[in-house]
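Trainee: Residue-level listing of the chains:
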Amino acid sequence: MKDAFGAPQSLLVLGGTSEIGLATARRLIAHRTRTVWLAGRPSPALDAAADDLRGRGAYVQTVAFDALDTASHETVLGKIFTEGDIDMVLLAFGIPGDQERDEEEPLAAVRVAQTNYTGAVSAGLVCAGALQAQGHGSLVVLSSVAGERARRADFIYGSSKAGLDVFTQGLGDALHGTGVHVMVVRPGLVVPNAAAVRAAGGRGAGERGAGGPLATIPFTRTPLVTTPGAVADAIVTGLRRRSETVWVPGALRAVMSALRHVPRPLFRRMPV
Amino acid sequence: MSVDTVSLTGWGRTAPTTALRFRPRSYEEAAATVLGCGPRGSIARGLGRAHGDAAQNAGGSVLDMTALDRVRAIDAASGRVVCDAGVTLHRLRQVMLPLGWFLPVTPGGRYVTVGGAIGSDAHGDNHRAAGSFSRHVVEFALLTADGRVHDVRPGTPLFDATAGGMGLTGVILSATLRFRPVATSLMSVDTERATGLDDLLARMARGGHHAYEYARVDLTARGRATGRAVLVRADHAPVDALPAHARRTPLAVRAARRPAALPLLPGLLGRLSATALNEVGYRSAPRSRTGELQPVPAFFHALDATPHTNRVSATGGLVHYEFLVGHGQEETLRRIVGRIARSRCPSFRAVLRRFGAGGPGWLSFPAPGWNLALDLPAGLPRLARFLDSLDEEVAAAGGRICLTDDSRLRPDALAAMYPRLPEFRALRAELDPNGAFRSDLSRRLSL
Numbered sequence: 001m002k003d004a005f006g007a008p009q010s011l012l013v014l015g016g017t018s019e020i021g022l023a024t025a026r027r028l029i030a031h032r033t034r035t036v037w038l039a040g041r042p043s044p045a046l047d048a049a050a051d052d053l054r055g056r057g058a059y060v061q062t063v064a065f066d067a068l069d070t071a072s073h074e075t076v077l078g079k080i081f082t083e084g085d086i087d088m089v090l091l092a093f094g095i096p097g098d099q100e101r102d103e104e105e106p107l108a109a110v111r112v113a114q115t116n117y118t119g120a121v122s123a124g125l126v127c128a129g130a131l132q133a134q135g136h137g138s139l140v141v142l143s144s145v146a147g148e149r150a151r152r153a154d155f156i157y158g159s160s161k162a163g164l165d166v167f168t169q170g171l172g173d174a175l176h177g178t179g180v181h182v183m184v185v186r187p188g189l190v191v192p193n194a195a196a197v198r199a200a201g202g203r204g205a206g207e208r209g210a211g212g213p214l215a216t217i218p219f220t221r222t223p224l225v226t227t228p229g230a231v232a233d234a235i236v237t238g239l240r241r242r243s244e245t246v247w248v249p250g251a252l253r254a255v256m257s258a259l260r261h262v263p264r265p266l267f268r269r270m271p272v
Numbered sequence: 001m002s003v004d005t006v007s008l009t010g011w012g013r014t015a016p017t018t019a020l021r022f023r024p025r026s027y028e029e030a031a032a033t034v035l036g037c038g039p040r041g042s043i044a045r046g047l048g049r050a051h052g053d054a055a056q057n058a059g060g061s062v063l064d065m066t067a068l069d070r071v072r073a074i075d076a077a078s079g080r081v082v083c084d085a086g087v088t089l090h091r092l093r094q095v096m097l098p099l100g101w102f103l104p105v106t107p108g109g110r111y112v113t114v115g116g117a118i119g120s121d122a123h124g125d126n127h128r129a130a131g132s133f134s135r136h137v138v139e140f141a142l143l144t145a146d147g148r149v150h151d152v153r154p155g156t157p158l159f160d161a162t163a164g165g166m167g168l169t170g171v172i173l174s175a176t177l178r179f180r181p182v183a184t185s186l187m188s189v190d191t192e193r194a195t196g197l198d199d200l201l202a203r204m205a206r207g208g209h210h211a212y213e214y215a216r217v218d219l220t221a222r223g224r225a226t227g228r229a230v231l232v233r234a235d236h237a238p239v240d241a242l243p244a245h246a247r248r249t250p251l252a253v254r255a256a257r258r259p260a261a262l263p264l265l266p267g268l269l270g271r272l273s274a275t276a277l278n279e280v281g282y283r284s285a286p287r288s289r290t291g292e293l294q295p296v297p298a299f300f301h302a303l304d305a306t307p308h309t310n311r312v313s314a315t316g317g318l319v320h321y322e323f324l325v326g327h328g329q330e331e332t333l334r335r336i337v338g339r340i341a342r343s344r345c346p347s348f349r350a351v352l353r354r355f356g357a358g359g360p361g362w363l364s365f366p367a368p369g370w371n372l373a374l375d376l377p378a379g380l381p382r383l384a385r386f387l388d389s390l391d392e393e394v395a396a397a398g399g400r401i402c403l404t405d406d407s408r409l410r411p412d413a414l415a416a417m418y419p420r421l422p423e424f425r426a427l428r429a430e431l432d433p434n435g436a437f438r439s440d441l442s443r444r445l446s447l
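As they're listed, the protein sequences go chains A and B. Each residue of the first sequence is one higher than the last, beginning at 1 in full-length UniProt numbering. Each residue of the second sequence is one higher than the last, beginning at 1 in full-length UniProt numbering.
Any given hint could be a false lead.
What the hints assert, rightly or not - Now the in silico label distances, taken between C-beta atoms and shown as ranges:
| no. | chain 1 | residue 1 | chain 2 | residue 2 | range |
| --- | --- | --- | --- | --- | --- |
| 1 | A | E83 | B | A416 | 25 to 31 Å |
| 2 | A | A150 | B | A429 | 55 to 61 Å |
| 3 | A | D173 | B | V6 | 14 to 20 Å |
| 4 | B | A416 | A | R54 | 24 to 30 Å |
Claimed, not checked - If you only want the chain A side, here are some residues facing chain B, beta carbon under 10 Å, derived:
| no. | residue |
| --- | --- |
| 5 | K2 |
| 6 | R34 |
| 7 | A133 |
| 8 | V180 |
| 9 | R242 |
Hints in this document: simulated from the structure, not taken from any laboratory. Small disclaimer: the values here were computed from a predicted structure and weren't measured. The beta-carbon is built from N, C-alpha and C at its ideal position, and this holds for glycine as well.
Here chain A stands alone, though its shape is the one from the complex:
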């Protein structure tokens, strides 16, 4: 069960090798979390992540999960929920794709869309149903600032996240009052650590993380770049406040509310 501060005792991470997912798991283990399920494609990285969390005192189990194999989601995820209550599901899988190549190869673009959107819709609905049946829990979905407005540089990735974002908002409304809390997390550009944040602070740093591609926005100085740790902190705070939407860093909310209203002819010319 979650306590008064929203700290879960059991956690399921979909995308078990996700940097943000693991950073969140580490923080939650420092609070109340004792049981962690890491769902992802079997790999040495997944095992290493599980070992790391075990070293921090949690009981960790890994489970083979493929976002693209939507037919298996009900079986794979349903099995986890039969083992005991899951207080929080973190939907953290997603691929950034490669815009130039994806435009050339529609099949590669479809793969991005299927992983980020179709896979997430399927897994999200399965988890939402299970959470609703147990009468409590949080579903935290990692969206991206890229889903807020289409940009020339990454509209394929952005469109998949936009779909996911709207899906999550709707799911949150559908589950309102059922005891299940749905939270959308919209990180900006996610870079590995603080040093990379400083490096990305300048004009056109050009680095692209899982979270999204703001690096080329000229006024994206350091405050709008973030790290997996900062995203994890924001998730923990959002759980405490039972937030519905979390921007990381928080200043992105203001920046994007302005950018959202820039006319398209002008937006097209902006170096974003």
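Take the given structure of chain A and dock chain B to it, following the hints.
Mentor: Below, chain B without anything else, positioned relative to chain A:
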């Protein structure tokens, strides 16, 4: 029997969960609900005044007992009452006070059901003299997981497991209670100010003969004033203490003469307003006054004067932190009060009591020592870690946290605080092998 799906929280409004709410109107309907509950079990719920998650059951059934509210028999000669578990203490007092009988134990809120008062073994300001609620229970009827109804008397394991057992042994259907005789419906109240915690503890340790005693501690005061408080002591006023015109109707139920609580607005729970309200509360109390006559509601239920006080905090709800440490552990109490004062937590209502001998309940909270209860906004940053560290101090001093109002205790800290927990678990395993009685509290703490 009405059935609906509802999202429930405790009085602190944290951690909402959804359950099927049944509202049985007879013992048979209650038994049918318990027998028919699914794999996620059921739990009885009264008026939802406990701050924590003890009367929630995510994904399962909740038995709203408030429709079972008959006072079945009154013996005006001996002060015994037989009533359903859903009767409120408020109603019992209204019925019994004109007959010259008073509730043996009055918890802070009046909207507490008899079942809830037994299940959480409620305590009041007279704990030192009267003990907790279950001491005054002659007998109760308990519906267990197999659908049978047991008549449970003090001195049996089932009584000891159920008194303070948070409803996890079964559903209390009815109870026989013993009331105490009173001559008037007024309280004779003495008030004095203590300038700091040492002064307060010395005053509380000195004075002895009053039935009721508590101190409103200002936890926002720092420095030398840390732990300053208004100490309130009271007794039921004798007839000759009443003014002449009131002596003809000494037991008339009188309303409070003044609004007993400040009307708070949403979002007022901030550090500044907490400091200001505590300052006003302290300064407006008389330095020393004896024998003030107060109607019962004004003395016992200042909080109930304002409806929905639990909605004061705009976001995140309230966390009620209530602990006790034994006599001789005053140093721990001083340290904790000092830490809360230094951390500048906006704590609005902090009450210190001195407890007497504990009851027989295995999970019953009261034990001899000092009991401090305070409310904090759950949205405070870093509050979770801070309270965890206070738990460690409490546990190291052999103290414990009150389960009725808990919403955040670490499961591993529980065993040290309640040494009879293994017996409780064993009895539950035997009585209820399939887990027909479960609550969010029992899941969270593996009770």
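Trainee: The structure should be examined with respect to each hint, and the outcome stated for every one.
Mentor: Verification of the supplied hints:
| no. | hint | verdict |
| --- | --- | --- |
| 1 | E83/A x A416/B: 25 to 31 Å | 29 Å, holds |
| 2 | A150/A x A429/B: 55 to 61 Å | 59 Å, holds |
| 3 | D173/A x V6/B: 14 to 20 Å | 18 Å, holds |
| 4 | A416/B x R54/A: 24 to 30 Å | 25 Å, holds |
| 5 | K2 | 5 Å, holds |
| 6 | R34 | 8 Å, holds |
| 7 | A133 | 6 Å, holds |
| 8 | V180 | 8 Å, holds |
| 9 | R242 | 7 Å, holds |
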